[in-house]
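Just so you know, the sequences run in chain order L, B, F and C.
Under the working numbering, the first residue of the first sequence is numbered 1, with each subsequent residue one higher.
Under the working numbering, the first residue of the second sequence is numbered 1, with each subsequent residue one higher.
Under the working numbering, the first residue of the third sequence is numbered 1, with each subsequent residue one higher.
Under the working numbering, the first residue of the fourth sequence is numbered 1, with each subsequent residue one higher.
Check the hints yourself; a few may be wrong.
Remember, identical chains collapse to one label, so a pair may be satisfied in a single copy or spanning two.
As the list claims (entries may be wrong) - Heads up, simulated DSS-like pairs for lysine-lysine below, C-alpha to C-alpha not over 30 angstroms straight-line: (1) Lys85 to Lys115; (2) Lys63 to Lys89; (3) Lys17 to Lys89; (4) Lys137 to Lys17.
These aren't lab readings, by the way, just hints derived from the structure by calculation.
No experiment lies behind these values; they were computed from the predicted model shown.
Number of protein chains: 4
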Amino acid sequence: MITYNFKTRIRYRDIDKMGIVYYSRYYEFFEAARTDMLREMGLAYSDFEASGYALPVIESHCKYFTGAKFDEMIIVKCDIFEKPKARLKIEYEVLGEKSGEIIATGHTVHAFLNKKGRACRAPKHFLSIVSLHWEDK
Amino acid sequence: MITYNFKTRIRYRDIDKMGIVYYSRYYEFFEAARTDMLREMGLAYSDFEASGYALPVIESHCKYFTGAKFDEMIIVKCDIFEKPKARLKIEYEVLGEKSGEIIATGHTVHAFLNKKGRACRAPKHFLSIVSLHWEDK
Amino acid sequence: MITYNFKTRIRYRDIDKMGIVYYSRYYEFFEAARTDMLREMGLAYSDFEASGYALPVIESHCKYFTGAKFDEMIIVKCDIFEKPKARLKIEYEVLGEKSGEIIATGHTVHAFLNKKGRACRAPKHFLSIVSLHWEDK
Amino acid sequence: MITYNFKTRIRYRDIDKMGIVYYSRYYEFFEAARTDMLREMGLAYSDFEASGYALPVIESHCKYFTGAKFDEMIIVKCDIFEKPKARLKIEYEVLGEKSGEIIATGHTVHAFLNKKGRACRAPKHFLSIVSLHWEDK
Chain L
1 MITYNFKTRI RYRDIDKMGI VYYSRYYEFF EAARTDMLRE MGLAYSDFEA SGYALPVIES
61 HCKYFTGAKF DEMIIVKCDI FEKPKARLKI EYEVLGEKSG EIIATGHTVH AFLNKKGRAC
121 RAPKHFLSIV SLHWEDK
Chain B
1 MITYNFKTRI RYRDIDKMGI VYYSRYYEFF EAARTDMLRE MGLAYSDFEA SGYALPVIES
61 HCKYFTGAKF DEMIIVKCDI FEKPKARLKI EYEVLGEKSG EIIATGHTVH AFLNKKGRAC
121 RAPKHFLSIV SLHWEDK
Chain F
1 MITYNFKTRI RYRDIDKMGI VYYSRYYEFF EAARTDMLRE MGLAYSDFEA SGYALPVIES
61 HCKYFTGAKF DEMIIVKCDI FEKPKARLKI EYEVLGEKSG EIIATGHTVH AFLNKKGRAC
121 RAPKHFLSIV SLHWEDK
Chain C
1 MITYNFKTRI RYRDIDKMGI VYYSRYYEFF EAARTDMLRE MGLAYSDFEA SGYALPVIES
61 HCKYFTGAKF DEMIIVKCDI FEKPKARLKI EYEVLGEKSG EIIATGHTVH AFLNKKGRAC
121 RAPKHFLSIV SLHWEDK
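All chains should be built: construct the whole structure from the sequences, respecting the hints.
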């Protein structure tokens, strides 16, 4: 498995009338978290795109337990539990940094697209870097 | 069941680098669609909130089949298949108005919160209006 | 001058903790308003882009008088007071549909970019359509 | 004057079809930058709100020179050049961290609102902290 902790602060723009983060915003945090995880591994998404590939989201899911508040620091824990083949699944856990409380959990599933925009298997370079960072649980 | 079609146009702000709608934006379309559906039924969410209740999202899900494009008109079909008890589930289908093609499908699950912010069953007024509009499939 | 009224409803996603529209969201309403104005004139921005041109914003400004509320209908009045040369300036007035009250005013300034991404004068086709719709005040 | 540098990374959600940051997103970066500046000074906006005050934006402005790209690190330099009275003006300069190039400049003007939601002068506590950090240019 591969695991990564991303930290961010909740901004005013994220907060709705109820005083908590608007529900779709967690997906933006997921994006930032997985992009930083991949970059840290040596898989900058900008390089990935520059080489002609894409990794669009084909499924997204989130469960909300409590709402993150304005100015709170949150941790988005990302996990890859299965080595990608044609698809990459990333799981997320959003925690309050101070409270340690679980705020939300979710996942995204991504497809690999080649230079022609067609679904393909994970590129070898991608897989070998994933293997390099893989830790048995 | 209750069904409702919401129509909206894709804006530049919704489109990402790939030239298609950014994945979290569909949840914003879902919000607009369900709010209009409830208002049409006589359940304006602003009234619902004014009377002390809330209906926060506790789960959201979306599958993406193809990406909506800039300036395209989309239809978000909302369905309630089960009368709400402690929770309300709404299902969505996003279609290209012109193409008729399915762009995405998803659902949201909502909890009812009373004036004290505690989970409660669907208020009677809410249920009776749902019953009023209910159609057997 | 050219004038156009765009109508939209305020959504939950637009509202912040203070219960009013978050300040940057008005610029999204401006985008929707000017895009619809241009499309109505026969200048669909998607066609404009497809023909290789772009019309990026080089300046934006907004003054906020009162805050639009959740579920409120607003009117965004767009005005072009000067025929474009190298730049196009659009002015906006946001009004509550019911109250008639001015919520915000603003403007955006746009540059014309040609197929090479370089600043250019307004294309002839663009200018002739503007002239077609021009009304002396 | 008071000056502060805020650093952030451009995310996929910020990027539009042209491959650059969507114009309204800079205002979100401005919000993050000024909130962090104030917190660093000892003026956490969450405390400010908790004490009954608010500091809504009454004017916003931005000029765009070039577009920030996906995954780029930007610096948002915030400056307060005048001690606030009834209003607080904050100026911004957005720079590419690597390029050093100016991407955008802008400002926001804020009003002070008291517990009754009425415009008021800057609270004494606010002013004394501003004075504490003030540096003559």
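Comparing the hints with the structure gives:
1. Lys85 to Lys115: Within one copy only: 17 angstroms inside, 39 angstroms across.
2. Lys63 to Lys89: Intra 16 angstroms, inter 13 angstroms, cutoff 30 angstroms: intra and inter.
3. Lys17 to Lys89: between (32 angstroms within a copy, 22 angstroms between copies)
4. Lys137 to Lys17: neither (41 angstroms within a copy, 36 angstroms between copies)
Of the numbered hints listed earlier, the single one contradicted by the structure is hint 4.
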